[in-house]
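Chains A and B supply the protein sequences, listed in that same order. When we follow my numbering, the leftmost residue of the first sequence carries the number 1, and every step to the right adds one. When we follow my numbering, the leftmost residue of the second sequence carries the number 1, and every step to the right adds one.
Source of the hints: derived by calculation from the structure; they are not laboratory data. Possibly wrong hints are sitting among the right ones.
[Claimed, not checked] What follows is a list of derived Cβ distance ranges for each label pair:
#1 B:Leu29 - A:Gln74: 26 to 32 angstroms
#2 B:Ile237 - A:Glu71: 46 to 52 angstroms
#3 A:Gln74 - B:Leu187: 58 to 64 angstroms
#4 A:Leu11 - B:Asn61: 39 to 45 angstroms
#5 A:Tyr41 - B:Ala158: 33 to 39 angstroms
#6 A:Pro27 - B:Ala158: 52 to 58 angstroms
#7 A:Tyr41 - B:Leu219: 42 to 48 angstroms
#8 A:Gln74 - B:Leu28: 21 to 27 angstroms
#9 B:Tyr144 - A:Gln74: 46 to 52 angstroms
[Unchecked claim] Straight-line alpha carbon distances no greater than 25 angstroms define the calculated SDA-like cross-link-like pairs of lysine to any residue that follow:
#10 B:Lys40 - B:Thr27
#11 A:Lys44 - B:Lys150
#12 A:Lys59 - B:Glu57
[Unchecked claim] To spell it out: a stretch of chain B is covered by chain A in this simulated footprint if at least three of its residues, at any positions, have a beta carbon under 8 angstroms from a beta carbon of chain A; those stretches are:
#13 16–23
#14 27–33
#15 73–79
#16 130–136
For glycine and all other residues, C-beta sits at the position ideal for the given N, C-alpha and C.
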Amino acid sequence: MFTLLAEAGGLADTAKEIGRTFGWKAPLFIAQVVNFALVLYVLKRFAFGPIQEILEKRKNRIADGEAKLEEIEQKLADSEQEKAALLEAANEDAKRLVDEAKESAAALAEKKSQEAVAQAQNILAKAEEASRAEAAALKAEIKKEFGRLVVETTTQVTGKTLNATDQKRINKEALSSL
Amino acid sequence: MPLNAESVTDSFLGIFTNSSIMVWFSTLLIVLFCRAAAGKITMVPAGLQNFAEWLIEGLYNFFGSLLGDHLVKKTFWFFGGTFLFILVNNWLALMPGVGTLGWDIEYDGGGSHYLPLLRGGNADLNMTSAMAVTFMAVWTFWAYQENGIKGFVAHIFAPKGKFQGIMMKIMIVVFFMVGILEVISILIRPIALSFRLFGNIYGGEQTLEKLMMLVPENLAFLPALPFCFMEILVGLIQALVFSLLAAIFLNLICDHGDEEHH
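From just these sequences and the hints, can you work out the full model?
Given below as structure tokens:
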């Protein structure tokens, strides 16, 4: 125990001797501790603190930006898919509408064509009827004129005035020979 | 250049030494840098802010790769600050005039002594030991915070691995002895950190001084010039070594092995 204490005492003396040799002094040491602490405080308060804060903020902003970019890319991909689906649906609708329009147009054309044919036939029939009526009227007028001419001729040839019965009979005979 | 820093005035308990002037100058430079780089901080960086961000982000990632996300978030201000402070001090010590501008002090009994006005901040054991002791203080605090008292002691003395029966008893004794060695190693750490940094920087300055003495005064810069470049490298490496070792020491005590950290 005494040896240990003596050793410890010897160690303390050696330490003191080393301290003296290297100019170690308590007031100087304390002053340098204060200096060092001051530097650390200044660096922490005015350099590391604000710069680390801004680095952290920037890192977060970049991470946010990346996340938003991914989100936007995802949305873009979704919207592309949606657009493609919409386009496909629109194409199908358009095709269906065109087909329907084609069908409808064909039906309409057919209907119109039939109507035109019917109208034409109608016009033709009316024209035929009018022609027939006109022919009948002409025929009647010719008959009447013929009868009048026959009666008149007969009156002039025979020199006598024909009564209504004679006129009727002569007209009938003349018409039957036409 | 003597081993110890010298007081330029006897007032204020003699704390105005030629090395402390350099330390304050470094502190001032760092403060000015911080104000210029982060005074009007913007989301889109430009100029000095760009450089400061590159530096700080690089250091953060570097220490983060050693300490992990959880620890680096808590301790970066110390390791990053220590690295920058040592680096600025080391490089400032290479500026022309440091160690060469000064005056002769005449002694009453005859003889004189040259007192340089400026001396490298880390060529003073008071500064390097101040950093090492501060590190040990925060190391102890963080080790306690991460492990608790029981965990802290168990981390040092408890057997690692799964043992049973007599093997367990042997291992308890073995790991207790290892723990004692570990405690000695922990106690030596601040001394090793202080003397390693001091020795390298003081040794470099001595080398430059001796090289300058080899040639006539008007050519003194010539032999020292190539070694100045080497000292620039040494300054960077020593800043890295100190902060790296400190980070490793912290990681060793806070390392939970395979345990999940929550």
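So, going through the hints one by one against the coordinates:
1. B:Leu29 - A:Gln74: 26 to 32 angstroms: violated, 51 angstroms
2. B:Ile237 - A:Glu71: 46 to 52 angstroms: About 48 angstroms separates the Cβ atoms of B:Ile237 and A:Glu71, which means 46 to 52 angstroms holds.
3. A:Gln74 - B:Leu187: 58 to 64 angstroms: holds, 60 angstroms
4. A:Leu11 - B:Asn61: 39 to 45 angstroms: 42 angstroms Cβ-Cβ, so the 39 to 45 angstroms window holds.
5. A:Tyr41 - B:Ala158: 33 to 39 angstroms: holds, 36 angstroms
6. A:Pro27 - B:Ala158: 52 to 58 angstroms: Since the Cβ atoms of A:Pro27 and B:Ala158 sit about 41 angstroms apart, the hinted range of 52 to 58 angstroms is violated.
7. A:Tyr41 - B:Leu219: 42 to 48 angstroms: Holds, at about 45 angstroms.
8. A:Gln74 - B:Leu28: 21 to 27 angstroms: violated, 54 angstroms
9. B:Tyr144 - A:Gln74: 46 to 52 angstroms: holds, 48 angstroms
10. B:Lys40 - B:Thr27: holds, 20 angstroms
11. A:Lys44 - B:Lys150: violated, 31 angstroms
12. A:Lys59 - B:Glu57: holds, 12 angstroms
13. 16–23: It holds: at least three residues are needed, and the region 16–23 of chain B offers 3 whose Cβ sits within less than 8 angstroms of chain A.
14. 27–33: holds (count 4)
15. 73–79: n = 3 at 8 angstroms, threshold three: holds.
16. 130–136: Held - the region 130–136 of chain B has 4 residues with a Cβ nearer than 8 angstroms to chain A, which meets the minimum of three.
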